[in-house]
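Construct the complete structure from the given sequences, taking the supplied hints into account.
There are 2 protein chains.
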Amino acid sequence: MPLQKHHQIVSVDDHLVEHPRVWQDRVPARMKDAAPKILEVNGAHQWSYDGGIYPTIGLNAVAGKDPKEWGMDPIRYEDMIPGCYDPAARLKDMDLDGIEAALCFPSFPGFGGGMFHRANDKELALECVKAWNDFHIDEWCATDPARYIPMSILPTWDIDLCVAEAKRVAAKGSRTISFPDAPVPLGLPSFHSRHWDPLWQVCADAKMPISLHFGSGAYVPGFSFSAFKPVPGQMPEIEAPFAVAITLFSTNLMWSTVDLLFSGALQRFPDLQFSLAEGGIGWIPYILERSDFVWERHRWYQKIDFDAKPSDLFREHFWGCFIDDEHGVKNRHQIGIDRIMLESDFPHSDSNWPNSRKRAAEVLADVPDDEVAKIVELNARKMLRFPRLA
Amino acid sequence: MPLQKHHQIVSVDDHLVEHPRVWQDRVPARMKDAAPKILEVNGAHQWSYDGGIYPTIGLNAVAGKDPKEWGMDPIRYEDMIPGCYDPAARLKDMDLDGIEAALCFPSFPGFGGGMFHRANDKELALECVKAWNDFHIDEWCATDPARYIPMSILPTWDIDLCVAEAKRVAAKGSRTISFPDAPVPLGLPSFHSRHWDPLWQVCADAKMPISLHFGSGAYVPGFSFSAFKPVPGQMPEIEAPFAVAITLFSTNLMWSTVDLLFSGALQRFPDLQFSLAEGGIGWIPYILERSDFVWERHRWYQKIDFDAKPSDLFREHFWGCFIDDEHGVKNRHQIGIDRIMLESDFPHSDSNWPNSRKRAAEVLADVPDDEVAKIVELNARKMLRFPRLA
Chain A
53 MPLQKHHQIV
63 SVDDHLVEHP
73 RVWQDRVPAR
83 MKDAAPKILE
93 VNGAHQWSYD
103 GGIYPTIGLN
113 AVAGKDPKEW
123 GMDPIRYEDM
133 IPGCYDPAAR
143 LKDMDLDGIE
153 AALCFPSFPG
163 FGGGMFHRAN
173 DKELALECVK
183 AWNDFHIDEW
193 CATDPARYIP
203 MSILPTWDID
213 LCVAEAKRVA
223 AKGSRTISFP
233 DAPVPLGLPS
243 FHSRHWDPLW
253 QVCADAKMPI
263 SLHFGSGAYV
273 PGFSFSAFKP
283 VPGQMPEIEA
293 PFAVAITLFS
303 TNLMWSTVDL
313 LFSGALQRFP
323 DLQFSLAEGG
333 IGWIPYILER
343 SDFVWERHRW
353 YQKIDFDAKP
363 SDLFREHFWG
373 CFIDDEHGVK
383 NRHQIGIDRI
393 MLESDFPHSD
403 SNWPNSRKRA
413 AEVLADVPDD
423 EVAKIVELNA
433 RKMLRFPRLA
Chain B
53 MPLQKHHQIV
63 SVDDHLVEHP
73 RVWQDRVPAR
83 MKDAAPKILE
93 VNGAHQWSYD
103 GGIYPTIGLN
113 AVAGKDPKEW
123 GMDPIRYEDM
133 IPGCYDPAAR
143 LKDMDLDGIE
153 AALCFPSFPG
163 FGGGMFHRAN
173 DKELALECVK
183 AWNDFHIDEW
193 CATDPARYIP
203 MSILPTWDID
213 LCVAEAKRVA
223 AKGSRTISFP
233 DAPVPLGLPS
243 FHSRHWDPLW
253 QVCADAKMPI
263 SLHFGSGAYV
273 PGFSFSAFKP
283 VPGQMPEIEA
293 PFAVAITLFS
303 TNLMWSTVDL
313 LFSGALQRFP
323 DLQFSLAEGG
333 IGWIPYILER
343 SDFVWERHRW
353 YQKIDFDAKP
363 SDLFREHFWG
373 CFIDDEHGVK
383 NRHQIGIDRI
393 MLESDFPHSD
403 SNWPNSRKRA
413 AEVLADVPDD
423 EVAKIVELNA
433 RKMLRFPRLA
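Protein chains in written order, with the working numbering: chain A, 53 to 442; chain B, 53 to 442.
Any given hint could be a false lead.
Copies of the same chain are indistinguishable here, so a pair counts whether it falls within one copy or spans any two.
Said to hold, decoys possible - Below, simulated SDA-like cross-link-like pairs (lysine to any residue); rule was C-alpha separation at most 25 Å, straight line: (1) K382 <-> A417; (2) K89 <-> P241; (3) K219 <-> A171; (4) K174 <-> A216; (5) K144 <-> E378; (6) K434 <-> S363; (7) K355 <-> W122; (8) K382 <-> S363; (9) K382 <-> S245.
What the hints contain is simulated information worked out from the structure, not anything from laboratory work.
Set out below in C-alpha cells:
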C-alpha cells in the first residue's frame, strides 16, 4: 500500500517570491537606493535594481490559476496567491497539497543567483546575496524550522567570496547551496576547472550538497534559444514556442551531470553531493548507460579517470527528483532507489498543486512501501540532514 | 530464440570515407582545382577545398584499431582499413560483422553536408553536393544495390536548390536525405519556420525520410563546447574532455525531436518521416512523457497544436535506432516497436565491429522473435523502401 499517512513528503524543489522588503530591510543604508526595491509603474509592481527595471515579480507563479490564463506573469503581488511570498500562508498551501517540508529556491535573484552575478555593482551584489540568505534562513525558514529547509546562494563571480559565504551560511544552518547548472554561459570556469575546488572543499566538509536547478545558469536549451542571452522576465522573440524549452530544460542537467562525471571533482571530494532540481529522473538510466559506454571505450586515451565508472560515481554523488515521471519510477532501480526524491515545484507551472500528494500516490501506486518512504521522504531528509522532529 | 539466421541486419547508420577522386572525377573541369582533392603534405593526406586545408581524411575512422590508439585520426588512407573507403572491401567487413545492408553517411562533407554549406564558392559547393550524391548512388551503392542504401545530401543554403536536388536524387533512387540536426547554429531557419515546407513536400511526396544524424549540424553539445564554432577535423582546445560531448551527442536529437514535435510541420505533412541517426533510443520514453506533460499544460495559451499529442506525433513520424542500448530495448514498447532500428556505425568509435551481430544478439536476448525481426530488419526496410530481394 503505497504513500500511506505516515509518509511525510519532503519536496526538494519549490520556489518563493521575495516580498518587497527583503533587500531594503537588510542592505547597508547607503546601498538601499540601488538595492532591489519595488516600484509602482503604470499600475504594475516592478523590481528596480542596479540601474535596471524588471517587470516580472513572480516569474511563472501560476499556482491557483487556470492554464488558460498562464503565459502572463503576475504584475502585482495581489495577482498571486499569498503563499507565493508569505511563508505563513505557504504552510497552509503545503497542507492543502499534502507536503510536509519544502526547499524553496529564489525568484528575483534567479534560481542560482544569476541576477547578482550579472550586476555591475559587485559590492552591492555581494550584500544582496547575503541579504537573500539571511532572509531565507532567518525569516522564511524561521517561520517553521521543521517545514522549511534553509538554502543559500553564492557570490559566484569570486571564488574567495564564494568560500567565505558558503562557510558563513553553513554556520547559520544552511542545508544546501543553489549553484548555477551552467557556469560556462555565465562566463565562469566549467566544472572541469580546479577553480571551484576550494568551494567544493567547504561544501564537502560541511556536508552541504549543491543543488543544481535547471535554468539556474540562465541557459535556455533548444537550438532556437541557446544562442540568445535571455533577459530575466522576458521571453526572447523567436519562432519556436517556449514549450520547446520547457520540455528540454532537463537536458541542461544532463549536460551538468556528464560534465561532473568526467571532471575528476567527484574523486577529489568524496563527500561532495549534487542534487538535480526539477530535472526529472526518466533520462538518468539512459545517460548513465551511455556514459559508461563512452568511458569504457575512450578512457584508454582521453584525459578521463581510467578507473572510476561514471554510473558508480553517479550513485555516490548525485540525487535526482521528479514531479510526475512514470518512466523514471518504473526504472527506479536503474537509477538507484537511494538517490530519488520528490518535488512539488510550487508555485510554478510544472506543479500538481494542490494535488501533489494525490498525484504522487498514483505514480507510486506499484512501488513497495519501503521504497516509497525513501522516495518521498527519507532520501531528502538524508541528503539535506533534515531529520523528522520527534 | 532471438536473432536467428534468417534475420538480416539492416544498419541505418554507417559511414564511408570518400576516396581521393570523388569530386575530381565529377565536377566541371574549370572547378577541379578548387574542388576537394587530396594533397600530400609532410607525409600526410589532406583534403584541399575552397581555399582551405583539412587534415582529417577519415574523421573517427577507428575500425580495426585498439582503443589505446584512438584519438588520432588517420593521416593517410593506408592508416585505415580499406573498408572505410572501398565499397567492395566494405562488403567483406559487413560480412564479418553480420550486417546485410548499410546506409553510409558522408565524412568530408560532414554528416549533413555542412562543409559545403559553409563554403565561400556556392556555385562550386552545389556541384560538390551533386557530385557526392552521384558518387554515392552511382558508384558506392551500385557496387551492390541489395546491400547499400542510397542517401543524399542537399545544398542547404538555398531552399530552391534543396528542392531541385531532392527531386533529382529521388528520381535517381535515393532512399533518404541526410539533413542537419541543428539548422539554427548553421545560420538556417529553425524547424519552426515555413521556410522548409517546399522541401518537406518533396520528401513527403517521394516517401524519402529525413535522416538527422547527431552532430550533422556541426553543433557540439555540452556547456564547454556549444559556444564554440568547431573547425572540421579539429577538437576545440578546452578543458572538458571530448568524452563529454560524445556522451551527450544524443541531446542534439532530443532538441531536434522536440522542435519538430512542436513545430506544426508534422501535421502539415502527414507523410513526412524523420530518422534519428546514432541517437540511441533509451531517452525517448522520458522525452515523450515530458513532451506530453508540457503540451497538456501549456497548449491552452501557447502557439502549439491544441489537439496533436506529441507522443502520438512521434510514433507517426519518427524512427530511432541504437547500437548498444539495453535500457532502450527494455522499454521498447514505450517507444514503439514499429519505430526502432539497429545501426552498426562502422568505422566509428561507437561501433561494435566486428561483433555488431554478436552484441545485438546479447542486447536482444529477451526480445520475442517477431519484435527482433522488426528491430533488426523490417522497420528499416519499411522506412527506407528497401525490400529484401527474393
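Hints versus structure:
In this homomeric assembly, K382 and A417 come within 25 Å of each other (Cα to Cα) both inside a single copy, at 11 Å, and across copies, at 21 Å. Taking identical chains as interchangeable, the C-alpha atoms of K89 and P241 are never at most 25 Å apart, the minima being 31 Å within one chain and 40 Å between chains. Within a single copy, K219 and A171 get their C-alpha atoms as close as 23 Å, which meets the 25 Å cut-off; across copies the closest is 54 Å, which misses it. For a Cα distance limit of 25 Å, the shortest separation of K174 from A216 inside one copy, 15 Å, qualifies, whereas the shortest one across copies, 57 Å, does not.
Taking the closest pair of Cα atoms, K144 and E378 never come within 25 Å of each other, the shortest separation being 28 Å inside a single copy and 45 Å across copies. Only within a single protomer do K434 and S363 lie at most 25 Å apart by alpha-carbon distance; the minimum there is 21 Å, versus 36 Å between protomers. When the C-alpha separation of K355 and W122 is checked against a cutoff of 25 Å, the pair qualifies only between copies, where the shortest distance is 12 Å, while the shortest distance within a copy is 47 Å. Taking identical chains as interchangeable, the C-alpha atoms of K382 and S363 lie at most 25 Å apart whether they share a chain (18 Å) or sit on different chains (18 Å).
Proximity of K382 and S245 under a CA criterion of 25 Å is satisfied in neither setting, with 36 Å inside one chain copy and 37 Å between copies.
Hints 2, 5 and 9, counting from the list given before, are not met by this structure.
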